[in-house]
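Peer 1: Top to bottom, those sequences are chains D and R. Note that this note's numbering gives residue 57 to position 57 of the first sequence, counting from 1, and the numbers run on in steps of one. Note that this note's numbering gives residue 96 to position 96 of the second sequence, counting from 1, and the numbers run on in steps of one.
No incorrect hints appear here.
Here are some chain R residues the structure puts well away from chain D; computed CB gaps all over 10 Å: (1) ASN24; (2) THR63; (3) THR111; (4) PRO114.
Ranges between beta-carbon positions, derived for each pair: (5) R:ASP67 - D:LYS17: 48 to 54 Å; (6) D:GLN102 - R:GLN72: 18 to 24 Å; (7) R:GLN81 - D:GLY16: 43 to 49 Å; (8) R:SER58 - D:GLY14: 48 to 54 Å; (9) D:THR104 - R:GLY41: 17 to 23 Å; (10) R:THR40 - D:ILE13: 18 to 24 Å; (11) D:TYR5 - R:LEU82: 24 to 30 Å.
These are computed hints drawn from the structure, not numbers from a lab. Predicted, not measured: the structure shown is a model, and the values here were computed from it. All C-beta atoms in this analysis are idealised placements derived from N, C-alpha and C, irrespective of residue type, glycine included.
Now for the letters of each chain:
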Amino acid sequence: EADIYQTPRYLVIGTGKKITLECSQTMGHDKMYWYQQDPGMELHLIHYSYGVNSTEKGDLSSESTVSRIRTEHFPLTLESARPSHTSQYLCASSGGLAGGGQETQYFGPGTRLLVL
Amino acid sequence: KNQVEQSPQSLIILEGKNCTLQCNYTVSPFSNLRWYKQDTGRGPVSLTIMTFSENTKSNGRYTATLDADTKQSSLHITASQLSDSASYICVVSDRGSTLGRLYFGRGTQLTVWP
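If we strip away everything but chain R, and leave its shape as in the complex, we get (with noise of 0.2 Å):
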C-alpha cells in the first residue's frame, strides 16, 4: 500500500533554532517528492521538489534531503523564524498513470515562539 509517513506529528521550537522534519514512504514507482508548507486558513504552496537522482535541494533557509534508497526525505530549517510556524506536508507523486498520482502525508504542525 503506498503510504506517506511524517513525523513529528507537531513541533515547537524557539526563534532561531534549527529543526529537521521527516518523511517516510513507500510509493512505488516513485517519481518525486515535494514538501509544500500550508499556513493556517491558507492552500499549500510548495518548497522543494526532487526527483530520484537528486538528494539535496535548497529554498532559502529550508534544505530538503532525499535516499530514495531506505525511501526517506527531510526538510531542515536553518535559523527559525516566526513566519515559518505551519503546517509542512511532504507529497510524493508515482509514475503508475498518467495523472502522476499524488501521496499526501498528515504534515509536521511546525510552531516557532519568540
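The shape of chain D in the complex, shown without the other chains (with noise of 0.2 Å):
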C-alpha cells in the first residue's frame, strides 16, 4: 500500500465555491501528479511538479491551479467550482533518477467530487 492520502474522499459543494483537494506523500518523492478521471474513461493529467516551486499544466485543460511549497504536498484549487467539474480526481506520485516515464506512479484512493 502506498503512502499516499487524499482529503476529503467525498465531496459535494454548490456552484461558485471555492475547493481545495489536498494530497499529501511520506515517500519523499519529487514528482507528483494530478489527474481527472470521469465513470469508463481514462485518466487525463491536469496538472504535474517535478518539485518543489515547481509546477506545469497537463494534457487536459483545467480551471483548477496547483501549488507546490513543500516535497510532500500537491494540493489542487478550484476558485469557483461548476457542475462541469463534477468527476473523480486523483493524485499520484513518483521518485528516483530513471526519469518520469521510467517511474511507477503511486496513485492516492482519489477524490469524488459532486457539484451541484
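Take each chain as given, in its own frame, and dock them per the hints.
Peer 2: Structure below.
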C-alpha cells in the first residue's frame, strides 16, 4: 500500500464555491501529478510537478490551479466550482532518477467531487 | 496519434476461471507498458511493468505479455478470485520527453461471480 493520501474522499458542494483538494505523500517523491477520471474513461493528466516550486499544466485543460511549496504536499484548488467539474480526481507521485516515464506512479485513493 | 485501446470493455467470469485482457497501442517511441488494477473507489495499483526487451512478466496469478512488434499486450488472470473484480488499466509510456508521458487505456471492467 502506497503512502499517498487524499482528502476529502467525497465532496458535494454548490456552484461557485472555492474548494481545495489535498494530496500528501510520505515517500519523499519529487514528482507529483493530478489526474481527472470520469466513469469508464481514461485518466487525464491535468497538473504535474517535478519538485518544490515547480508546477506545469497537463494535457487536459483545467480551470484548477496547484501549488508545490513542500515536497510532500500538492494541493489542487478550484476557485469557483461548476457542475462540469464533477469528476474523480486522483493524485499520484513517483520518485527516482530514471525519469518520469520509467518510474512507477503511486496513486492516492481519489476524491469524488460532485458540484450541484 | 498516440493511443491505447483495451478490450473487452467489460467481462464477467465465474470464480476459479481464467481470463485474458487485451491492450493495443500506437505509442511511439515506446518506453514501457504497465498494467494497473483499480478497485472501485480506489486509485490504480501497479501490477506489472515491461520494457521493450521483455515479453512476459508475472505477478502471482497475473501474467502480462508484450509483443513490441505488433504493439500488443495481454494480461492473463489465472484461477480468478472474487477480489479480482476491478478495472484493469493498460498504461504505455513514451520516451519523447523528460516527463515520460503516460497514455492510459479506458480499462477493462472485470467482474468475478461466485
